[in-house]
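**Student:** Given the coordinates of chain A, work out where chain B should sit on it, guided by the hints.
The residues making up each chain are set out below.
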Amino acid sequence: MASAFSATKFTLLNSTTPRSHDNQPLYDPLKSTTSFLGSTRKLCFTSFPKLNIHNSQRRSPVVAVSEAVKEKKLKSTSNLLITKEEGLVLYEDMVLGRAFEDMCAQMYYRGKMFGFVHLYNGQEAVSTGFIKLLKKEDYVVSTYRDHVHALSKGVPARAVMSELFGKTTGCCRGQGGSMHMFSKEHNVLGGFAFIGEGIPVATGAAFTSKYKREVLKEADSEDVTLAFFGDGTCNNGQFFECLNMAALWKLPIVFVVENNLWAIGMSHLRATSDPEIWKKGPAFGMPGVHVDGMDVLKVREVAKEAIGRARMGGGPTLVECETYRFRGHSLADPDELRDPAEKAHYAARDPITFLKKYIIENELASEAELKAIEKKIDEVVEDAVEFADESPLPPRSQLLENVFADPKGFGIGPDGRYRCEDPKFTQGTAHV
Amino acid sequence: MTTIFRGLGALTASNSFDSKKLQLPSPRSFSERKASFLLVRSDGSVNLNLGSNSRARRAEQLITNAVATKADGSAASTASKPGHELLLFEALREGLEEEMDRDPTVCVMGEDVGHYGGSYKVTKGLATKYGDLRVLDTPIAENSFTGMGIGAAMTGLRPVVEGMNMGFLLLAFNQISNNCGMLHYTSGGQFKIPIVIRGPGGVGRQLGAEHSQRLESYFQSIPGIQMVACSTAYNAKGLMKAAIRSENPVILFEHVLLYNLKERIPDEEYICNLEEAEMVRPGEHVTILTYSRMRYHVMQAAKTLVNKGYDPEVIDIRSLKPFDLYTIGNSVKKTHRVLIVEECMRTGGIGASLTAAITENFHDYLDAPIVCLSSQDVPTPYAGTLEEWTVVQPAQIVTAVEQLCQ
Numbered sequence: 001m002a003s004a005f006s007a008t009k010f011t012l013l014n015s016t017t018p019r020s021h022d023n024q025p026l027y028d029p030l031k032s033t034t035s036f037l038g039s040t041r042k043l044c045f046t047s048f049p050k051l052n053i054h055n056s057q058r059r060s061p062v063v064a065v066s067e068a069v070k071e072k073k074l075k076s077t078s079n080l081l082i083t084k085e086e087g088l089v090l091y092e093d094m095v096l097g098r099a100f101e102d103m104c105a106q107m108y109y110r111g112k113m114f115g116f117v118h119l120y121n122g123q124e125a126v127s128t129g130f131i132k133l134l135k136k137e138d139y140v141v142s143t144y145r146d147h148v149h150a151l152s153k154g155v156p157a158r159a160v161m162s163e164l165f166g167k168t169t170g171c172c173r174g175q176g177g178s179m180h181m182f183s184k185e186h187n188v189l190g191g192f193a194f195i196g197e198g199i200p201v202a203t204g205a206a207f208t209s210k211y212k213r214e215v216l217k218e219a220d221s222e223d224v225t226l227a228f229f230g231d232g233t234c235n236n237g238q239f240f241e242c243l244n245m246a247a248l249w250k251l252p253i254v255f256v257v258e259n260n261l262w263a264i265g266m267s268h269l270r271a272t273s274d275p276e277i278w279k280k281g282p283a284f285g286m287p288g289v290h291v292d293g294m295d296v297l298k299v300r301e302v303a304k305e306a307i308g309r310a311r312m313g314g315g316p317t318l319v320e321c322e323t324y325r326f327r328g329h330s331l332a333d334p335d336e337l338r339d340p341a342e343k344a345h346y347a348a349r350d351p352i353t354f355l356k357k358y359i360i361e362n363e364l365a366s367e368a369e370l371k372a373i374e375k376k377i378d379e380v381v382e383d384a385v386e387f388a389d390e391s392p393l394p395p396r397s398q399l400l401e402n403v404f405a406d407p408k409g410f411g412i413g414p415d416g417r418y419r420c421e422d423p424k425f426t427q428g429t430a431h432v
Numbered sequence: 433m434t435t436i437f438r439g440l441g442a443l444t445a446s447n448s449f450d451s452k453k454l455q456l457p458s459p460r461s462f463s464e465r466k467a468s469f470l471l472v473r474s475d476g477s478v479n480l481n482l483g484s485n486s487r488a489r490r491a492e493q494l495i496t497n498a499v500a501t502k503a504d505g506s507a508a509s510t511a512s513k514p515g516h517e518l519l520l521f522e523a524l525r526e527g528l529e530e531e532m533d534r535d536p537t538v539c540v541m542g543e544d545v546g547h548y549g550g551s552y553k554v555t556k557g558l559a560t561k562y563g564d565l566r567v568l569d570t571p572i573a574e575n576s577f578t579g580m581g582i583g584a585a586m587t588g589l590r591p592v593v594e595g596m597n598m599g600f601l602l603l604a605f606n607q608i609s610n611n612c613g614m615l616h617y618t619s620g621g622q623f624k625i626p627i628v629i630r631g632p633g634g635v636g637r638q639l640g641a642e643h644s645q646r647l648e649s650y651f652q653s654i655p656g657i658q659m660v661a662c663s664t665a666y667n668a669k670g671l672m673k674a675a676i677r678s679e680n681p682v683i684l685f686e687h688v689l690l691y692n693l694k695e696r697i698p699d700e701e702y703i704c705n706l707e708e709a710e711m712v713r714p715g716e717h718v719t720i721l722t723y724s725r726m727r728y729h730v731m732q733a734a735k736t737l738v739n740k741g742y743d744p745e746v747i748d749i750r751s752l753k754p755f756d757l758y759t760i761g762n763s764v765k766k767t768h769r770v771l772i773v774e775e776c777m778r779t780g781g782i783g784a785s786l787t788a789a790i791t792e793n794f795h796d797y798l799d800a801p802i803v804c805l806s807s808q809d810v811p812t813p814y815a816g817t818l819e820e821w822t823v824v825q826p827a828q829i830v831t832a833v834e835q836l837c838q
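Taken in order, these protein sequences are the chains called A and B.
According to my numbering, the stretch in the first sequence is residues 1 to 432, in order.
According to my numbering, the stretch in the second sequence is residues 433 to 838, in order.
Isolated chain A (complex conformation) (with noise of 0.2 Å):
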């Protein structure tokens, strides 16, 4: 794997971009290449680890995090990261997710849902870290790997188990399924099978929140979007032109890059000439950042920091989250190619154990406190199981609601009626 990086390169990043405090290179050729990817290394590149919300000038200082963190948790206890109030709701939200996740890999294996499902273990932080600082106006964007975005947005759990079994109750009454779930009430905008299809769409929502405020001035519109996508998207043309797109008009979203290094069995490494993909931020004039994406408080920081911007009309920023997830790409995959040793090491930091340790560490909350949350979540994923196999599957009625918006668009037919308009049309059987 070493032999992914030429020396050349190394001579470059060494010449130009500035170093760390203790004048190291950043990439040490001798050692793995995973010194970059896969530890809490020091990535500075600025000397200060001060986050310059009013900077709004195109070419914005790379800033990363982990030393603002660490010099932050020396300090004394009265400048924790979180209160106790958001580390409990952060530690709800993760547990939920995780636990989510596991039932459906239950419900999977017992035959309750079918196709591809693609299971977000290990990636919590990501996901919690950044959509527990939005407000529900705020937009939300991902992949087929979607569950838990929509649950940390706020869509019930018994929604999401619902459209998973394929239920009429599900919040894509069963139409979507797991790759798509959608969510009008929480502004989850999908849920996109195809990788990256969903960026153009996140620039979408974003546009829309900039035009509101300039075109139809509507003064408090700053509503933002979060685009979530993962390490191989960001080999794909649509990544690209919307990272031009949105810094060329400053549009207020984040493209999350959730950064796990495999795409389903080619390894990140092996698929880009380039593997940092913060850098490619400032290529477009953006600014990159590059984080720990399995400790939940640091992401937290680093989007606060991005939302901030956004919100403020500063334009977009590109966060790489380097995360893991725990099982394969989906339940079909048997997750043979990834090397034992590395699994065992991302499963060491834990997310959720990661944040158990800070929250009692610090004395947040009790660990009573914490077991509690746990047991709540246990009856809720519980509940959403109950709730989707007592739900009614579709009837044939549905099929062909919601194709269109308006449903004229099924055209005019033989007897000269609008075809909706035939009582057939509602039983599903009418001959479109």
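The set of hints was computed from the structure by calculation and includes no laboratory data.
These numbers come from a predicted model, not from an experiment.
Ideal Cβ positions, reconstructed from N, Cα and C, are used throughout, including at glycine.
Where hints are given, some of them may not hold.
Unchecked claim - Quick list of simulated restraints, FRET-style, between CB atoms:
| id | chain 1 | residue 1 | chain 2 | residue 2 | range |
| --- | --- | --- | --- | --- | --- |
| 1 | A | I360 | B | S653 | 56 to 64 Å |
| 2 | B | P536 | A | H345 | 51 to 59 Å |
| 3 | A | A271 | B | P536 | 42 to 50 Å |
Said to hold, decoys possible - Chain B stretches covered by chain A per the calculated footprint, using a threshold of three residues with CB under 8 Å from any CB of chain A:
| id | segment |
| --- | --- |
| 4 | 576-586 |
| 5 | 777-785 |
**Tutor:** Using the frame of chain A, we list chain B on its own:
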């Protein structure tokens, strides 16, 4: 025009008078031009009786004018204002501008739509009037800005996305198919996508293969979208307005060679129905179904045919998806012969679908197999002579009708 025709069609088709049938079309008809209610023949007489006697009478009547619409406009004086003359691209612009005035969420996105005014001048002057954000000049990234339009539509705007040439929308196929067409359904009806995707397509004057594509055949299978093709300044404006007001995603196909057509259109506001076909020339012998530029080749052929004693009925189907099977069906029931003239390729084109639809629904009424004249399955060559032979020419239409009517 279509209203009265339909009612009469019902009379001729079956002797029983179904009052429901006569009443139902009328609410829709308010969207059509008022002047077109009356079937005015070239000799000035108003023909309301297409009863069973017409076949006998036809032999004596000489139809001098092959184009009923023109006669309509001049003879009928139900229009209160004189109307104004403009070119088709100006009509599109007028429609777009009226809708942008009416609804502040209507916006335009595309390459060179803003400062440049649109490569075919459809959006000329709009950026100065509405600003750079509302008439957005995008970078050359069709897939992404179409997706951006879809995201904007999902969150409350009504974008009009322009493909500089329809062929470029092949790059946006991912977004058009997966997101534009499907998201309303996949989201369980939560998000509507009131987007309009428009642009010029079709074979032009030696533009080469890639700039001469007909994408209607590629898009027609996508569930959840509507496709319309405009052919006159009148229906261009009407369809543009209707498409923008529609809650469904609509693809509006324009044609490169039709942008400079001059026509007089009404001053008052009107929209055309997205799902209806347009009766261009009523007739008795054969139904010719066409759309977009081929309408003019057909009308040219119709002149020749009329001189040879044929009476073709010409319908501009306008709605490519879904087909207006009512207008088409009534025509088939009357003439029993169908000729489809289209610019799509032979394989998998609109004509192929239309042939299937008519055969399925009106097989019993056909006296002869449906003839479909399409372009050759050939990438459009640059050379003028070769290009001429790839598309259907009026002479071929005349020959086809003669063969069909033997």
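**Student:** Against each hint, give a clear statement of whether it holds in the structure.
**Tutor:** Checked hints:
no., hint, verdict
1, A:I360 - B:S653: 56 to 64 Å, "58 Å, holds"
2, B:P536 - A:H345: 51 to 59 Å, "54 Å, holds"
3, A:A271 - B:P536: 42 to 50 Å, "44 Å, holds"
4, 576-586, "holds (count 11)"
5, 777-785, "violated (count 0)"
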